[in-house]
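Engineer: Dock chain H against chain W, hints included.
One letter stands for each residue in the lines below.
Number of protein chains: 2
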Amino acid sequence: MWRVAFFASRSRSHLVWMDSVPKSAASVKKILCEAPVESVVQVSGTVVSRPPGQENPKMPTGEIEVKVKTAELLNPCKKLPFEVKDFMKKTEALRLQYRYLDLRSSQMQYNLRLRSQMVMKMREYLCNLHGFVDVETPTLFKRTPGGAKEFVVPSREPGKFYSLPQSPQQFKQLLMVGGLDRYFQVARCYRDEGSKPDRQPEFTQIDIEMSFVDQTGIRSLIEGLLQYSWPRDKAPVGVPFPSMTFAEALATYGTDKPDTRFGMKIVDISDVFRNTEVGFLQDALSKPQGTVKAICIPEGAKYLKRKDIESIRKFAADHFDQEVLPVFLKANRNWNSPVAKLVMEEQGPGLLRRMENQEEDMVLLTAGEHKRACTLLGKLRLECADLLEARGVLLRDPALFSFLWVVDFPLFLPKEENPGELESAHHPFTAPHPGDIHLLHTEPEKVRSQHYDLVLNGSEIGGGSVRIHDAQLQRYILETLLKEDVKLLSHLLQALDHGAPPHGGIALGLDRLICLVTGAPSIRDVIAFPKSFRGQDLMSNAPDFIPPEDLKPYHIQVSWPTDKETEKNPLNPPRQAES
Amino acid sequence: MWRVAFFASRSRSHLVWMDSVPKSAASVKKILCEAPVESVVQVSGTVVSRPPGQENPKMPTGEIEVKVKTAELLNPCKKLPFEVKDFMKKTEALRLQYRYLDLRSSQMQYNLRLRSQMVMKMREYLCNLHGFVDVETPTLFKRTPGGAKEFVVPSREPGKFYSLPQSPQQFKQLLMVGGLDRYFQVARCYRDEGSKPDRQPEFTQIDIEMSFVDQTGIRSLIEGLLQYSWPRDKAPVGVPFPSMTFAEALATYGTDKPDTRFGMKIVDISDVFRNTEVGFLQDALSKPQGTVKAICIPEGAKYLKRKDIESIRKFAADHFDQEVLPVFLKANRNWNSPVAKLVMEEQGPGLLRRMENQEEDMVLLTAGEHKRACTLLGKLRLECADLLEARGVLLRDPALFSFLWVVDFPLFLPKEENPGELESAHHPFTAPHPGDIHLLHTEPEKVRSQHYDLVLNGSEIGGGSVRIHDAQLQRYILETLLKEDVKLLSHLLQALDHGAPPHGGIALGLDRLICLVTGAPSIRDVIAFPKSFRGQDLMSNAPDFIPPEDLKPYHIQVSWPTDKETEKNPLNPPRQAES
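First to last, the protein sequences are chains W and H. Letter by letter, the first sequence follows residues 680 to 1258 in this note's numbering. Letter by letter, the second sequence follows residues 680 to 1258 in this note's numbering.
Hints may be right or wrong, so weigh each one.
A pair holds if it fits inside one copy or across any two, identical chains being indistinguishable in the list.
As the list claims (entries may be wrong) - 20 Å max Cα-Cα, derived DMTMM-like pairs, lysine to aspartate or glutamate:
1. K800 - D813
2. K828 - D1164
3. K1166 - D1223
4. K913 - E1002
5. K1020 - E1035
6. K944 - E1139
7. K828 - E1228
8. K1050 - D950
9. K757 - D1176
10. K757 - D1149
Honestly, the hints are just simulated from the structure, not real lab data.
Just chain W, with the same shape it has in the complex (with noise of 0.2 Å):
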C-alpha cells in the first residue's frame, strides 16, 4: 500500500501518476475528477506496473501507476492567476507577484534544485576534500571608505549606524590574521545600486580566502572545484582553464570579460594602412596612439542586411564618437561605399592576408586610440554575434562552457571624476604584481595588479587577488596613493601589523554561475524570491512604509521630498510602471 500526496493534475518526481482508478470506487473517482487544478490531494493504493505499451519512459515515474483504494482533497486550490505550465507566457511581473505558484514551474524546481546541489558538492569540496572552515561573518557592519553602495541600519544609537556589506573582504583577510588559513563561506552580500536591471540588492558568493597561497594555488583550487561540483547532466568541465592577461583580452577582444567561445578577434592592421588615402584612418595614424583595428564577421556579406550595418554605424557613432567602416570582400558588395571600394583596392591584398578572410566574410574596421577602438570593436564583435544567431548561424554552443581566466589588471585607474588622481582597479587591499613594486613610488600608474577575474562565456563569474600582508605597504597605498581616510581601516591595519601571513582568496557570483549552467534567461530566474528591478518584492510589497513611532527608536525621521522632487526623482514613478 503506497500513500501520496500531491498537486492534483501534475506530476512530481517522488509521486506516482495515476492512470487507472477503479470503476467501482465511484466516489473516489469523483473527488479526483472535481478537484480543482493545482489543489493538493493524497491517494492510497497500490503500486502496479504499468499494463505493456502504456509505460512513458520520458516520465521518471512512467513505469509505474497506482491503483486508487482512497482519495482525499487535501486543500483545493482556487482561481488561478496563470496555468502553471511552463509553455504560458506571464509577465515577469505576474511572475513575480504570484511567486508561490511560479516555484512549482519545472524550470524553477530544476534551476533551485540544481543550485543547491551544486553548492553541496562545493562544500564537499572546500570542506571534507580541502580542509576550509566554513566560517560565517557579520552582515550588520560598519562602512567601509568609498561604500557609497551600502545599505545603512539604523541602530538604537542616535546617529550611528550599520552598514550591510558588499563582501566579506574584511572579515576574511582578518579570518587570516587570526590563523584560520582555510575560509570560505556561501555569503549573503548587498550592494544598493538603485534600479539596475538583471542585478540584486542581496547576492550570494562563493567566498574563499586561503594563507600561504599565491595566484597558481587559488586558480587550480576553484578549477578543481568547478570540475567537482560541475552537474553530471552538462558537458565536463576541462581543467586547467585557459588564462589571459587584461592587455591581451583588451587587445582581442575589446573586454576584461571576453566570450571565447568564438573566434571574430580584433586585429591591429594599422601596419597595412600606413600608406592609406582614406581620411579618417589617415587622421587617425598620424596620432601618437593612433591605430587601425579590424574584426572580420564570417559570411557577413551572406547574412548581414543593410539596416544590420547601418545600426551598427549607429552604435559606434552615438557610444563612441567613433566611424566604422565594413569592406566586403565581395567587391560588388562595396559599390556603395567609395571608401570600402578604394580600401579594398589599395589595402585588399594586405588585409586579407591579415584577416585570413573568406570570400563571404565581412570586416569591421575603425581607426582611434588603442583602447577606445579595441573597445568598440569587441562591443561590435557581440552585436555581431546576436545578428548573425539570429539569422540562424550558431557561433555560441549553448552547450559549451568556456572559462578563461584574465590576469595582470592594472592596480590603479584614473578616477572618472578627477583623471589626476588613483583609484583602485577592483579594491584597496589588492597586492601590487611583484615584477612592479619599484614603479609604486615612481609610477604607480603602470603597477600591475595580482588581481584575477574568472569569465565564464563572457561573464564575469569571479575576482580575487592576492591581498597585500605588509602594514606598511598597505598603510602607503591608502594614504599617499589613495587619499583615503585610513582611520576607517584602522582596526585592518593594526591586524597586519600582529603577523599577518601572506595570503589570498577570491568571490564567485553564485547567482551568475548557477544563471550560466542552468542556461536561465536572468539571475532572477535562479533566486528564490527575487527583487525587481527596482527591489521590490512584488509579493509581499517590501519595501513599505513604516509608521513614525517605529522608527523613534532608531533615532530617524522620513525626509519627505517635495512634490518637485518627487517629479524629477526615476526611482519613484506610479507603482503600475514597474515590470
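Structural biologist: Okay, now just chain H, sitting in the frame of chain W:
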C-alpha cells in the same frame, strides 16, 4: 624537502615544530630566535623523526621535527596587547577589540572548526541523505505584524523601509506552497532587542520545513540530524529523545525548558497540608487555585549555608513576592525557625513519604497559585544546583547531553498589557492541536498547539510546529482571535488559497547549540566576530556615524535627542563603560 610557514613560537595542527636548528647555519638560527612572538615565519628543511625519547605524544606533530635549511621572517608581529595563550586571563572587551589575535587561541580555533564540521554534517544529512533543498531566502523583507524587534533598512523610495526578518518563517511556508517540499537553510536572522546579555543582533538558525509531515516525522528527522552530526569526541546522542508536555514540564520543573540532567523535581504536597496550622500555607490553600509545592535539595543540610538560605528567600520575595520555607529533616537545623519546626512536627511523616528524603536533605516549600509556585521553585531548583556545584557536588555532568521535546503548548496566551486579549504563544501560523479544534470558537485560550520545543540541558535550542495550511482557519485566527491587520499578510493568505500542502517545520538555534556542545561560556565564543552585549563591534567600532549626505538617498535624517533624553537613555553611556 618540506616548506612550511606558521606563527612563530606556536605550533599549528598542520605545521611541524622545529626543535633542531643546524648549528652551522647561524643566520637561520638568528632569524628564528629574533622573530617576535606571533610573527609569521617560513622555513624549508627536511622532516625527520625526533630523537628517541624526545617525542611529544600530546602534539599532533610530536613525533617529527624539521632540520631547517632556510628560514624567512614573512611578517613580524608588533607588540601584543595580550599574550595569545589560553591561560592568560583577558577581559572580554580586549578580546573582542583584538579579535584577530583572540581567534588564534586553541579554544576559538576548536570552537569555530567544530561549528563548521557540525554544520557540514547537518547539510550532508539533510541534502544528501534526505533530499532536502537548500534555498536561500531574502533578508531584505517587509515588516511582519508585531515585528517590533525588526531592524529597518531604508530604501531609496521615500518613507519605505525593508525589514531584516527574525526568521524565514513566511518564505519557508511559501516554499511549501511552491512545491519545494523539503526545504532547509542555514539562515541568518536578525533581532533587535537592544542590550541583552548573551544575545546577538544577528544569529544563525538551521531552518527546516517539510510538506506532508506530522510532529512525529519532524521530531525523528531532527533526532537523526543531531545524532548524525554530533561530534565524535563527545558522548553519543541517544534517540529517540524523551518528550514531555508543557503542563508536565511546568508542574515538574517549573519551566518550559527543563534541565533533565538532574532530579530535584517539584512535588505537589497540597494534600499533606490540608490541615496545616501554618499561616501562609493555610492562606494559600484557602484560595481556589491554591497549592503547596516543594523541591528537595539533596544533602542541602550539609552544603547550604545560612546565607544561601537567606539569599534564596530574598530572591523569592523580590522577584515573586512569595514566601519560601526551608525545612530540614535534621530536626536540630530547624530550631531557628519555629514554622519549620511546626511543619516537621505536624507534617513530617507525610512530607518524608512524599519527598522520599534522606536525612541530610533540605526541603524548600512554597505555596500559592500553581504556575507561580512552580515557576519560583523551578528557578530555585537551578539556583540551588549552582550552589551545590559551587560546593563541589556534581549534579550536572558536563559530558552529558540531555535532550528533551516539550510539546502541547497553549496556542494562545493572554496579552501581557491587556489580559482580556489573546496573543500567539509562538507565532500566528502555528496549527491548533487536532484534539482541541472544537474549542477554537468557544474557549480559544484552552486550545493546545502543535508547537514543539527542543531543549538541551535546560536551554531551548529549537522550536517549530505544524503550520496552518487552511486559508480560512488562518484568517479566522489572525483577524478574529488576534485582531491583526491581515493586509500585511495578504500574500501568505493568498498562497494558502492556492493548494497549500499540509506542512510543518522547525528552527534550531545554531549559536546556542554549538555553545552547549563545545561547553563555551558564551555564544560569543562560538561566533567569529560577535557583537558586544550593546550591539557593538569593538574591533571596527560599528555601528558608526555617517555623514548626513550619505543618508540623503534614503530620505532619512537623524533626530538627535536632546541632552535630557540622552541622560535618560541607558543605551548611550560613555564608550568606556562597555565591558
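Engineer: Give a verdict on every hint.
Structural biologist: Hints versus structure:
In this assembly of identical chains, the alpha carbons of K800 and D813 lie at most 20 Å apart whether taken from the same copy (14 Å) or from different copies (12 Å). Taking the shortest alpha-carbon separations for K828 and D1164, only the intra-copy value of 18 Å comes in at or below 20 Å, while the best inter-copy value is 34 Å. When the C-alpha separation of K1166 and D1223 is checked against a cutoff of 20 Å, the pair qualifies only between copies, where the shortest distance is 12 Å, while the shortest distance within a copy is 36 Å. Taking CA atoms no more than 20 Å apart as the test, K913 paired with E1002 passes in neither setting, with 42 Å inside one copy and 73 Å between copies.
For the identical chains of this complex, K1020 and E1035 are intra-copy neighbours only, at 19 Å inside a copy versus 112 Å across copies, given an alpha-carbon limit of 20 Å. Proximity of K944 to E1139 under the C-alpha cut-off of 20 Å is restricted to the intra-copy arrangement: shortest distance 19 Å within a copy versus 63 Å between copies. Taking the shortest Cα distances, K828 and E1228 sit within 20 Å of each other only across copies (13 Å), while inside one copy they are farther apart (27 Å). Taking CA atoms no more than 20 Å apart as the test, K1050 paired with D950 passes inside one copy only; the shortest distance there is 17 Å, against 95 Å between copies.
For the identical chains of this complex, K757 and D1176 are inter-copy neighbours only, at 6 Å across copies versus 64 Å inside a copy, given an alpha-carbon limit of 20 Å. For the homomeric pair K757 and D1149, the shortest alpha-carbon distance between copies (12 Å) is at most 20 Å, but the shortest distance inside one copy (64 Å) is not.
Hint compliance for this structure: hint 4 alone is broken.
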